[in-house]
Amino acid sequence: MAGLDDVFGDLFSNVDAAALFSPSGSYYERFVEVDEVDVIVVGTENDVSAETFVELPLEFDNISDRIRFGLEGALNQDIIEDGDTLACATSVFSDDIDTVSRVRADADSHTGIYDLFARSRADPEVIKSVLELAIELGQKGQKGKPVGALFIVGDAGKVMNKSRPLSYNPFEKSHVHVGDPIVNVMLKEFSRLDGAFVISDAGKIVSAYRYLEPSAEGVDIPKGLGARHMAGGAITRDTNAIAIVLSESDGLVRAFKAGELILEVDPEAY
Amino acid sequence: MVDWQTLIDEPAVIATAVLILGVVVGYLVGRLNEELLTASGVPEAVEGTPFERTAQSLGTSTVEIVARLSAWFIYGIAVLTAIHIAQLLDTDAFWLRVTEFIPQVFVAVLVVIVGFVVADKMELAVSEYLRGVKLPEVSLLPKLVKYSVLYVALIIALGQIGVHVLALMILLTVYAAGLVLVGAYAFQDFLVSSAAGIYLLLNQPYGIGDRVRIGEQVGIVQEVDLFVTKIEDDSEEYIVPNRKVFEDGIVRIRE
Numbered sequence: 001m002a003g004l005d006d007v008f009g010d011l012f013s014n015v016d017a018a019a020l021f022s023p024s025g026s027y028y029e030r031f032v033e034v035d036e037v038d039v040i041v042v043g044t045e046n047d048v049s050a051e052t053f054v055e056l057p058l059e060f061d062n063i064s065d066r067i068r069f070g071l072e073g074a075l076n077q078d079i080i081e082d083g084d085t086l087a088c089a090t091s092v093f094s095d096d097i098d099t100v101s102r103v104r105a106d107a108d109s110h111t112g113i114y115d116l117f118a119r120s121r122a123d124p125e126v127i128k129s130v131l132e133l134a135i136e137l138g139q140k141g142q143k144g145k146p147v148g149a150l151f152i153v154g155d156a157g158k159v160m161n162k163s164r165p166l167s168y169n170p171f172e173k174s175h176v177h178v179g180d181p182i183v184n185v186m187l188k189e190f191s192r193l194d195g196a197f198v199i200s201d202a203g204k205i206v207s208a209y210r211y212l213e214p215s216a217e218g219v220d221i222p223k224g225l226g227a228r229h230m231a232g233g234a235i236t237r238d239t240n241a242i243a244i245v246l247s248e249s250d251g252l253v254r255a256f257k258a259g260e261l262i263l264e265v266d267p268e269a270y
Numbered sequence: 001m002v003d004w005q006t007l008i009d010e011p012a013v014i015a016t017a018v019l020i021l022g023v024v025v026g027y028l029v030g031r032l033n034e035e036l037l038t039a040s041g042v043p044e045a046v047e048g049t050p051f052e053r054t055a056q057s058l059g060t061s062t063v064e065i066v067a068r069l070s071a072w073f074i075y076g077i078a079v080l081t082a083i084h085i086a087q088l089l090d091t092d093a094f095w096l097r098v099t100e101f102i103p104q105v106f107v108a109v110l111v112v113i114v115g116f117v118v119a120d121k122m123e124l125a126v127s128e129y130l131r132g133v134k135l136p137e138v139s140l141l142p143k144l145v146k147y148s149v150l151y152v153a154l155i156i157a158l159g160q161i162g163v164h165v166l167a168l169m170i171l172l173t174v175y176a177a178g179l180v181l182v183g184a185y186a187f188q189d190f191l192v193s194s195a196a197g198i199y200l201l202l203n204q205p206y207g208i209g210d211r212v213r214i215g216e217q218v219g220i221v222q223e224v225d226l227f228v229t230k231i232e233d234d235s236e237e238y239i240v241p242n243r244k245v246f247e248d249g250i251v252r253i254r255e
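Here the protein sequences come in this chain order: A and B. Residue 246 in the UniProt record's numbering sits at position 246 of the first sequence, with consecutive numbering throughout. Residue 71 in the UniProt record's numbering sits at position 71 of the second sequence, with consecutive numbering throughout.
Hints in this document: simulated from the structure, not taken from any laboratory. Check the hints yourself; a few may be wrong.
Stated by the list, open to error - List time: in silico EDC-like cross-link candidates among lysine to aspartate or glutamate, alpha-carbon distance up to 20 Å:
{"no.": "1", "chain 1": "A", "residue 1": "Lys-204", "chain 2": "B", "residue 2": "Glu-255"}
{"no.": "2", "chain 1": "A", "residue 1": "Lys-173", "chain 2": "B", "residue 2": "Glu-223"}
{"no.": "3", "chain 1": "A", "residue 1": "Lys-188", "chain 2": "A", "residue 2": "Asp-115"}
{"no.": "4", "chain 1": "A", "residue 1": "Lys-204", "chain 2": "B", "residue 2": "Asp-225"}
{"no.": "5", "chain 1": "A", "residue 1": "Lys-162", "chain 2": "A", "residue 2": "Glu-172"}
{"no.": "6", "chain 1": "A", "residue 1": "Lys-162", "chain 2": "B", "residue 2": "Glu-255"}
{"no.": "7", "chain 1": "B", "residue 1": "Lys-230", "chain 2": "A", "residue 2": "Asp-123"}
{"no.": "8", "chain 1": "A", "residue 1": "Lys-140", "chain 2": "A", "residue 2": "Asp-194"}
{"no.": "9", "chain 1": "A", "residue 1": "Lys-162", "chain 2": "B", "residue 2": "Glu-237"}
{"no.": "10", "chain 1": "B", "residue 1": "Lys-121", "chain 2": "B", "residue 2": "Asp-189"}
Claimed, not checked - Simulated DEER-style distance windows between Cβ atoms:
{"no.": "11", "chain 1": "B", "residue 1": "Val-145", "chain 2": "A", "residue 2": "Pro-170", "range": "40 to 48 Å"}
{"no.": "12", "chain 1": "B", "residue 1": "Val-138", "chain 2": "A", "residue 2": "Val-32", "range": "22 to 30 Å"}
{"no.": "13", "chain 1": "B", "residue 1": "Ala-177", "chain 2": "A", "residue 2": "Ser-26", "range": "50 to 58 Å"}
{"no.": "14", "chain 1": "A", "residue 1": "Glu-36", "chain 2": "B", "residue 2": "Leu-110", "range": "44 to 52 Å"}
{"no.": "15", "chain 1": "B", "residue 1": "Val-145", "chain 2": "A", "residue 2": "Pro-146", "range": "51 to 59 Å"}
{"no.": "16", "chain 1": "B", "residue 1": "Ala-176", "chain 2": "A", "residue 2": "Val-34", "range": "53 to 61 Å"}
{"no.": "17", "chain 1": "A", "residue 1": "Val-34", "chain 2": "B", "residue 2": "Leu-191", "range": "51 to 59 Å"}
{"no.": "18", "chain 1": "A", "residue 1": "Pro-124", "chain 2": "B", "residue 2": "Asp-234", "range": "20 to 28 Å"}
{"no.": "19", "chain 1": "B", "residue 1": "Leu-191", "chain 2": "A", "residue 2": "Gln-77", "range": "33 to 41 Å"}
{"no.": "20", "chain 1": "B", "residue 1": "Ser-127", "chain 2": "A", "residue 2": "Glu-33", "range": "28 to 36 Å"}
Unchecked claim - From the structure, some residues in chain B lie toward chain A, with a derived Cβ separation under 10 Å:
{"no.": "21", "residue": "Ala-86"}
{"no.": "22", "residue": "Leu-201"}
{"no.": "23", "residue": "Leu-202"}
{"no.": "24", "residue": "Asn-203"}
{"no.": "25", "residue": "Gln-204"}
{"no.": "26", "residue": "Asp-210"}
{"no.": "27", "residue": "Gln-217"}
{"no.": "28", "residue": "Val-218"}
{"no.": "29", "residue": "Ile-220"}
{"no.": "30", "residue": "Val-221"}
{"no.": "31", "residue": "Glu-223"}
{"no.": "32", "residue": "Val-224"}
{"no.": "33", "residue": "Asp-225"}
{"no.": "34", "residue": "Lys-230"}
{"no.": "35", "residue": "Ile-231"}
{"no.": "36", "residue": "Glu-232"}
Cβ atoms here follow ideal geometry from the backbone N, Cα and C, with glycine treated the same way.
Please take these sequences and the hints and turn them into a complete structure.
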């Protein structure tokens, strides 16, 4: 009699490592006692004090995004190698781990999604806050109406030199940082202004109302996106900044780095 | 019957009444204190401190000890009053000394208990704060903080019960002065830089995106914080202490 173990066993037989996505403490403990495989913990925080840990910038709702990000992070940190097979255990329907998928790490399908956070000029924390802010803005909009917004994060000095003010800068001589409690409300109010927000490496909001003037040569962004995306994408090619754009028309949040579209998330899915 | 009448007026009877009253009031005050301390969240505040753990292992708790202390304080007063009324010890001088002394002992014991708890709490807080710094020597610092607090508590307690603490006070002063001197010397640059940084942040003579020259370095300002200014040219990023900004002055470059 073949039990379920034999059938489902294919999923996790001969894997090089097991990746646990946000496991609970006791769940992780049980895995550590298994000698056969290396255990990699992936999550927004290292709650279980695991030795090998890959940090997620967001609690990705989309499973494939979550796993892809985790694998790319692990590849980048040289925890796993190209071609390794992993059993990724994650939660889909409940808060506990309820799903295992067998994934082969592939360095060629590199999207740069991990680099966006870990290898950018700006602090990962700052990028994470701005992304969360854009997502929140996308969910709620401004007074119920959809809004668009453009955040340029990092390398603020150069960005400021490649842009000009559209009007007086409301953040002049202020010391507001993203992640401060009141900032979300403030940025939400200011999001109806035209132009871009410029944010420094450490998260200081340098300016709003900026008109970006990058050269748009060689920028390869999907056709159909508007001037806001083009401006955001182009400035990331000219400087070491990244751009996080909330589209007014389709409501998606996109991130650009080095002139390329790296990440696309739907705020409604969070 | 006359004997009964006089018996009621006997000091011994009044003394017994006082004693009973004292026991009742003491017990009530003890219970009240316990309730009050529990309600104001003291058990959570002291949780995890070695003092509390020691108390736990002795089958009691910090709150209970403090509550008992207040109860025993009142018992003590009752007993002494009873003794006084019964005129067992007929020495006014002794009485005077004792009434002065008892509250002092009470305060002293209280100070020691609070000192222990605060010291443990401080040690925990400091070690928690320093947990990010992975240096073995750093583990000395929480201990230092703990014993400093204990030392101060001990001096206060000893001072309360009238022990001469002048020598200990001098030691404390020397220690504190040394700490301040070493601190001021070690953090001199930081203090100067942060003073300059406060000016820079408030007045913003230059902002992010400006092209400036500070001393030798020329570049675009990328970041200004309390201690340093980061300026960057095409290939190099300079992290300039704000102290230098004031010493060398700032040149804003306009094309």
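Results of checking the hints against the structure:
1. A:Lys-204 - B:Glu-255: violated (26 Å)
2. A:Lys-173 - B:Glu-223: Holds, at about 13 Å.
3. A:Lys-188 - A:Asp-115: violated (27 Å)
4. A:Lys-204 - B:Asp-225: holds (10 Å)
5. A:Lys-162 - A:Glu-172: It holds: about 18 Å lies between the C-alpha atoms, which stays within 20 Å.
6. A:Lys-162 - B:Glu-255: Cα-Cα ~14 Å, so holds.
7. B:Lys-230 - A:Asp-123: holds (15 Å)
8. A:Lys-140 - A:Asp-194: The given pair, whose Cα atoms are some 19 Å apart, holds under the 20 Å limit.
9. A:Lys-162 - B:Glu-237: Holds, at roughly 18 Å.
10. B:Lys-121 - B:Asp-189: violated (31 Å)
11. B:Val-145 - A:Pro-170: 40 to 48 Å: holds (44 Å)
12. B:Val-138 - A:Val-32: 22 to 30 Å: holds (28 Å)
13. B:Ala-177 - A:Ser-26: 50 to 58 Å: Hint holds: Cβ distance 52 Å, inside 50 to 58 Å.
14. A:Glu-36 - B:Leu-110: 44 to 52 Å: violated (59 Å)
15. B:Val-145 - A:Pro-146: 51 to 59 Å: Given range 51 to 59 Å: holds, Cβ gap about 54 Å.
16. B:Ala-176 - A:Val-34: 53 to 61 Å: holds (55 Å)
17. A:Val-34 - B:Leu-191: 51 to 59 Å: Cβ of Val-34 of chain A to Cβ of Leu-191 of chain B: about 54 Å, so the range 51 to 59 Å holds.
18. A:Pro-124 - B:Asp-234: 20 to 28 Å: Since the Cβ atoms of Pro-124 of chain A and Asp-234 of chain B sit about 25 Å apart, the hinted range of 20 to 28 Å holds.
19. B:Leu-191 - A:Gln-77: 33 to 41 Å: Cβ of Leu-191 of chain B to Cβ of Gln-77 of chain A: about 39 Å, so the range 33 to 41 Å holds.
20. B:Ser-127 - A:Glu-33: 28 to 36 Å: holds (30 Å)
21. Ala-86: violated (64 Å)
22. Leu-201: holds (6 Å)
23. Leu-202: At about 8 Å, which falls below the 10 Å cut-off, the nearest Cβ of chain A leaves the hint on Leu-202 of chain B intact, so it holds.
24. Asn-203: holds (8 Å)
25. Gln-204: Because about 5 Å separates Gln-204 of chain B from the closest Cβ in chain A, which is inside the 10 Å limit, the hint holds.
26. Asp-210: holds (8 Å)
27. Gln-217: violated (13 Å)
28. Val-218: violated (13 Å)
29. Ile-220: holds (4 Å)
30. Val-221: With a closest approach of 6 Å, the Val-221 of chain B hint holds.
31. Glu-223: holds (5 Å)
32. Val-224: holds (8 Å)
33. Asp-225: holds (7 Å)
34. Lys-230: holds (8 Å)
35. Ile-231: holds (8 Å)
36. Glu-232: Where the cut-off is 10 Å and the nearest Cβ of chain A is about 6 Å from Glu-232 of chain B, the hint holds.
Checked against the numbered hints above, the structure breaks hints 1, 3, 10, 14, 21, 27 and 28 and satisfies the rest.
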